[in-house]
Structure formats: C-alpha cells, structure tokens
Amino acid sequence: MGFLSQAWVIARKDIIGELRTRETVLSMLLFGFLVILIFNFGIEPGLREENLVKPGVLWAAFTFAGILGLNRSFIAEKENDCLQGLLLCPVDRSVIYLGKFFGNSIFTLSMGLVVFLFFSVLYNVDLLQVALPLGLILVLATIGFAAVGTLFSAVSVGLKSRDVILSILLFPVMVPVVLAAAKSSGRILDGDPLSSAGLWLALLVVYDVIFLTVAIMLFDYAVEE
Amino acid sequence: MTGGDGSSAGEVSGGRQPAIRVRGLWKYFDHFPAIRGLDLELESGRFLTVFGPNGAGKTTLIRVLSTQIGPTQGEVEVGGCALPGQADRLRRRVGVISHNTYLYPNLTANENLTFFGRMYRVPDLDDRITALLEEVGLSGRRDDLVRTYSRGMQQRLSIARALLHDPDIMFLDEPYTGLDQHASRMLRDVLKTLHTGERTLVLTTHNLEQGLEMCDEVAIQVRGRLVFRENVATLDKAGFEQTYFDHVGKDFRWDS
Amino acid sequence: MTTVSPGSTAQPDATAAVADGGAGGGVTTAAAAPLPEPGRTLWLDILGVVAILSVLVALYGAIIWAPTEAVMGHVQRIFYFHMPSAWVALGPAFTIVFICSIVYLVKKDLRYDRIAGASAELGVLFTTITLLTGPLWAKPIWGAYWTWDPRLTTTLVLWFIYVAYLMLRSSITEGHSRARLSAVFGIVGWIDVPIVFMSIRWWRTIHPTLVTGEGMNLDSSMEAVLMLSLAAITLLYVYLLIVRVRQLDMGSRLDRLRQLSHLR
Numbered sequence: 001m002g003f004l005s006q007a008w009v010i011a012r013k014d015i016i017g018e019l020r021t022r023e024t025v026l027s028m029l030l031f032g033f034l035v036i037l038i039f040n041f042g043i044e045p046g047l048r049e050e051n052l053v054k055p056g057v058l059w060a061a062f063t064f065a066g067i068l069g070l071n072r073s074f075i076a077e078k079e080n081d082c083l084q085g086l087l088l089c090p091v092d093r094s095v096i097y098l099g100k101f102f103g104n105s106i107f108t109l110s111m112g113l114v115v116f117l118f119f120s121v122l123y124n125v126d127l128l129q130v131a132l133p134l135g136l137i138l139v140l141a142t143i144g145f146a147a148v149g150t151l152f153s154a155v156s157v158g159l160k161s162r163d164v165i166l167s168i169l170l171f172p173v174m175v176p177v178v179l180a181a182a183k184s185s186g187r188i189l190d191g192d193p194l195s196s197a198g199l200w201l202a203l204l205v206v207y208d209v210i211f212l213t214v215a216i217m218l219f220d221y222a223v224e225e
Numbered sequence: 226m227t228g229g230d231g232s233s234a235g236e237v238s239g240g241r242q243p244a245i246r247v248r249g250l251w252k253y254f255d256h257f258p259a260i261r262g263l264d265l266e267l268e269s270g271r272f273l274t275v276f277g278p279n280g281a282g283k284t285t286l287i288r289v290l291s292t293q294i295g296p297t298q299g300e301v302e303v304g305g306c307a308l309p310g311q312a313d314r315l316r317r318r319v320g321v322i323s324h325n326t327y328l329y330p331n332l333t334a335n336e337n338l339t340f341f342g343r344m345y346r347v348p349d350l351d352d353r354i355t356a357l358l359e360e361v362g363l364s365g366r367r368d369d370l371v372r373t374y375s376r377g378m379q380q381r382l383s384i385a386r387a388l389l390h391d392p393d394i395m396f397l398d399e400p401y402t403g404l405d406q407h408a409s410r411m412l413r414d415v416l417k418t419l420h421t422g423e424r425t426l427v428l429t430t431h432n433l434e435q436g437l438e439m440c441d442e443v444a445i446q447v448r449g450r451l452v453f454r455e456n457v458a459t460l461d462k463a464g465f466e467q468t469y470f471d472h473v474g475k476d477f478r479w480d481s
Numbered sequence: 482m483t484t485v486s487p488g489s490t491a492q493p494d495a496t497a498a499v500a501d502g503g504a505g506g507g508v509t510t511a512a513a514a515p516l517p518e519p520g521r522t523l524w525l526d527i528l529g530v531v532a533i534l535s536v537l538v539a540l541y542g543a544i545i546w547a548p549t550e551a552v553m554g555h556v557q558r559i560f561y562f563h564m565p566s567a568w569v570a571l572g573p574a575f576t577i578v579f580i581c582s583i584v585y586l587v588k589k590d591l592r593y594d595r596i597a598g599a600s601a602e603l604g605v606l607f608t609t610i611t612l613l614t615g616p617l618w619a620k621p622i623w624g625a626y627w628t629w630d631p632r633l634t635t636t637l638v639l640w641f642i643y644v645a646y647l648m649l650r651s652s653i654t655e656g657h658s659r660a661r662l663s664a665v666f667g668i669v670g671w672i673d674v675p676i677v678f679m680s681i682r683w684w685r686t687i688h689p690t691l692v693t694g695e696g697m698n699l700d701s702s703m704e705a706v707l708m709l710s711l712a713a714i715t716l717l718y719v720y721l722l723i724v725r726v727r728q729l730d731m732g733s734r735l736d737r738l739r740q741l742s743h744l745r
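Order-wise, the sequence lines are chains A, B and C.
Going by this note's numbering, the first sequence opens with residue 1, and the numbers climb by one from there.
Going by this note's numbering, the second sequence opens with residue 226, and the numbers climb by one from there.
Going by this note's numbering, the third sequence opens with residue 482, and the numbers climb by one from there.
These aren't lab readings, by the way, just hints derived from the structure by calculation.
Hints may be right or wrong, so weigh each one.
Using C-beta positions, here's what the derived DEER-type ranges look like [said to hold, decoys possible]:
(1) C:Val-587 - A:Val-205: 42 to 52 Å
(2) B:Arg-248 - A:Glu-79: 35 to 45 Å
(3) A:Ile-75 - B:Gly-474: 38 to 48 Å
Just so you know, even glycine gets a beta-carbon here, dropped at the ideal spot from N, CA and C.
Whenever a hint applies, use it, and build me the whole structure from the sequences.
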C-alpha cells in the first residue's frame, strides 16, 4: 500500500510539472497529428484497402508520438541532477520505476485518446460504437509501451545520442504490441465484436505482465552506478 | 570504540562511535582509480572539511559515502550501515547538498519540498516546510517556480530540501560553486546553524578560506587518497595554505 | 594527528592494480583474477584449423556432393548455409548474450560483458548472412526476394534488436556502465524474441501466406550435408567467439596498462 502511494507521489510530481508547462503532451499530440496527416497522403482516398491501412496509421502515430514523451521522462530528471536526488530517497528502486511508469502511462494515454479522436474525425469513424473496445486496446497497449519504454528511457538517458538510441532500442521490442494493437483495432473498426480480437488482447496482456515484471526487476540496474 | 558491536547493532546512541569508517576504499571508473585505497574515520557530531584540487576524487568520495555509487573495493560504514549492502537503511538518515540542487525547476518551492518530504515520509510536513523556508529566508517565495530563483536562492532551497527529514549525517559537496559573495555568506550562516554537535558533516571544497571557517577537522585529498588530516584546534591555520600547496604541488603534474 | 604519509595507505600490489578495474561487492580475489596470457595457444589454433576445414568440407558437400533438389534445383544448395547460420544466431549466439548479461549483473565481472558483446556481434553477423542468403534462395523459388513469412520476419526483427544492442554498446564508453545498461537491454531483447515470433505467426495465420518454406524433401545424403554444415558453422562460431573474447580481454588489459602508466 505504502509502496503504491509513494510511487504515486512521484507520478504526481511529474503530472504537476507537466500541467504547468504542457510541453510533453502538447508536442506528443502535435506529432501524432502530423504522423496521421503525412500517412494520409500515402493512402488513396476511397481505396478499397483503406480499412486495412487505417489501424496501421493509428498505431504508427501512437508509437512515434509516445516515444517523444518517453524521451522527456528522464531528461526532466537530469536537470539539476534531480535523478540523483530521487535516488537518494529512502524508497525501493521499484517504487521509482513504478512512479515514472505511472506518469508515462498517463501522458501516453492522454495523447492516445486525443489522437484517437482526431483519427476518428478524419476517417469518419463512429466513435460511440467503438469507443469502449478501442479504449481497452489503448490501455493495454499503453501499459506495454510505458513498461518497456520507462526502462529504456532510464537506460538511454545518460547517453549523448539518447533520443535516437531510445527509438532504436524501443521500436523492435515494441513489434508485438504494435502488431497486436493494430490487428485488434482493425477488427473493431471493421465492426467485429471485441471477442474476435481475443487472441490479440491476450497477447497484449501477456506482454504487459511479462515486461512490467522484468522491468521492475531490472530497473535497479538501469539507474544504479 | 567497539567496532563489532556498534556496526552489527547499528543503533544510534549518543556515544562517540564513528559516524564514518572507511578502510581501503577503491573506486574505479573503467581503469581509472578515482579513489585509491582511502582510509577515513570520523566521530559522529564532528564537522570535517576535505580540501583537494579538481580531480582529487572528492565528489567520488561523497557519492560513495552518500550511497549514490557503490565502492569497487574496500569497507565503507556510514552511520553504522555497511555500504553498499545497507544503503536502503542509511538513506533515511543522510542529507546531501551538492553543487547540483536536485530541485525540479518547473515546480514551486513548496511543491519541491512537499515532494521530497513525502518521499521521506516526513511527519507534519506543512509545518516543517514553513519552518525550513523561514530558516533559509525564502518564506516569501514559497509559491514561486524554482525556475525563477537566482542561483543563490536555489542553493538555499536545496539546503531546506536536504534538511527536510532532519538527517544526522550531511554531505556538502562544493556547495559554494557558482554563488556570489552575498549568497555564499548566507549559505555560510545556514551551514553554521547545522553544526550543532548532533549532526555529522562532511564538506568538500577547494577554497581554503571558506572551508576552514566552521569545521572541527580538516583533511587534504590528493589523487584519490587522504594525505593529511588534522584537528582544527591544533592546526596551524596561518601555515595551512603552505601545507596545502606542499601536498597538492607534489602531485600537480597529475592534475591536468 | 599529523601528516599521514602516503605509504601508510596500503599500496596495491601489482596484480591487484592490473586486475579488472571493478569487481563489485569488494571481492578482492575476483578483482585480482589474472587475465589470460597474451599470445597464441595451441588448442585454439587447432580449433581454428578444425573449424575452417569443416566449413570447407561442408562447402564441398553442399556444392558438389549433395544431389540436386528435384524441384528447386541448384539454388536450394544455399539452404545448407542459410539454415545453420540462422540456427547459430538464434540459438547459441543470442542465448549467450542473455545468459552472460544476467551473470554480469549478478557478479559485476566485465569478462561476462565481453563475452556477451562478442556473441552479439557474431549473432548479428550470422543473422545478416541468414537475411542475405534467404532472399537469394527465395527469389527464384517464391518469385520474390522477401515474403512476410513468420520466420523471416522474426529474423528481421531480431536483427534490429541486436543491432540496437550493439549501437547501445558503442555509445557508452565507461566499461561498467556499458556492461550494466547493455545487459538490461540484452535481457529484455531476448525475452521479447518468442513473443515477437508468436505475434508474427498469428498475424500471418490470420492472413494466410501464399507460399511457405515447407515441403522440401531431404534425402538422407542431403540431411547428412545439413548436419555437417550445422556442425561446421557452430564450430566456426565457437572459434570466432573465443578469438573475439580474447581480443577484447587483451584490449581491456592494454587500457589498464595504459592507465597505470599514467598514474605511476
């Protein structure tokens, strides 16, 4: 209990700072919109295959925009060497990981929701029909994304070329998440029930559980010197 | 000193047990030994200033003692906790003031202190923050963003942050860096109030004047070792500058 | 209390100073473990000769001795090197990265980091060979250089993961930081592999592939050549790994001596 409340203190600190500057979420959003816009030029409107491509566009936007937020997550801790101050606190390292993970999840999720909205307007999706299943997919994908992303963000934060390195590290490892999210949301957008994507949702859950556990175990090594 | 008992029980008694005990400490960065077989013992409640040129390993020493990095080799015991094994237990009792402030620039002073206070589970946090801000002379700026603070004010707030959980061991790593004369003076006044005899303090600096002012003991660190140690009461203060340069000068060519 | 003469702080003996700069946990003996002597050793040379000879024999078997595959023709012969390369990369090479990453994090001994780094380099090399020989074979048979076959796609993702691993290594200079951070990634990357494979397989099953790699009939002499190639490539991997690790050991030793010469 105290464990989670301490983690929440860290997440809350990140959220307060973010609400003040809105740097991270706004730049994530703008970037997500731009990805959708650019991809859109590659798709012939009214094409029969449009429905096959759309989920790919959505999740490409999610991934590219999400990585912007992860990049900032630990960079904020580098100013004034705050990470050292954080590591001096008498809490277990897993608490620090969970705190950063909560913060990153919330930022990614908020970005994802607005990008979904933008997407549904552009592609004429009946949001009311698909909101719940798509929301579930978004939450599951966000957890996997933030679980690995928070760990890798800590791994890369001390490097000179951290932005590029983080993308290079994260994208290949994210393949199952992007694939599962794109395939399952494709089903939903086609009007199929959520149960038709059961296999993919199961994959997302398995991914989330495995990598959240692994990341909690490994985070200590990512920050300890 | 009953080393075995003191360390295993780890109790905080008022006795003169050593707050810091270091034997044969080595710290490598790659193949570079930043600390090379350093020994140090300091009674609790004492104020030690470690002088040394840039690159002597002072910051490395502070970082090892304050649980921020692990030793490569050697015994380190701070406040009865063996490092790095019992770092978790020690962290609650250690405060660090460094030339980096550890403050979030996009949060206000109050938010920064509230955050760190909650991490340390400080009771009656609000009152504590009010009292500390008063002490460091920042009461009027409680709800201003740290970003808008001057360097000197940030450093004073950083002191408040380090004092939140009332640590009995404090490490001050070049706290004067980047401060103008006025700010240095205010910092010095605050530091004086910390030296109560209850609290163990270790300060590192390369500024002889500032370092000598308040401490009980001095040491000179050169090339990762303590090469000089003396009680201030018996120290030849006038001749200290010469002593310092004698020690540092010998190794000057390694310093570049 | 007076001046402490520098002599009173224990001067490190030569071996300790030359030893690996940082076995954690203050274990003196581990820090002082001597590195292998520089220079050649007979057993390694013999291993090298055996490895190269067996690759030559396997080449002879694949190109001349093995019968031509009935349907695919000569191009199928590339399979004898394609498949063993894939096996070495996906099997031993990346698994050793994973195991040595864990052992490093537990023991903080840089030797394991060097083994992990060397094995990753070889894994990427053999994955690259797999990815290059695959399309050469696929073009005449499937009519396309690339298909999003689960195994092919997984191999490609794998290649990206371990190239990322090597890039991460090359962007960190301090030995223990590099070891620590790349170990974290090496562990996560390896755990990800089966999940990547499952996800891609489901993806391709849902949209069935037009062509599959199945349905090749190997007669007993073909199987024998394949086994020989497998053994030869594995042997080559083992030999190259040992040579590379020794190189890295030597490099580390050199760095240390250079550092010492500055300090003395």
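Hint check:
1. One distance hint, 42 to 52 Å for the beta-carbon pair C:Val-587 and A:Val-205, is violated here, with the actual separation near 30 Å.
2. Distance hint check: the CB atoms of B:Arg-248 and A:Glu-79 are about 37 Å apart, consistent with the given range 35 to 45 Å.
3. At roughly 41 Å, the beta-carbon separation of A:Ile-75 and B:Gly-474 lies within the given 38 to 48 Å, and the hint holds.
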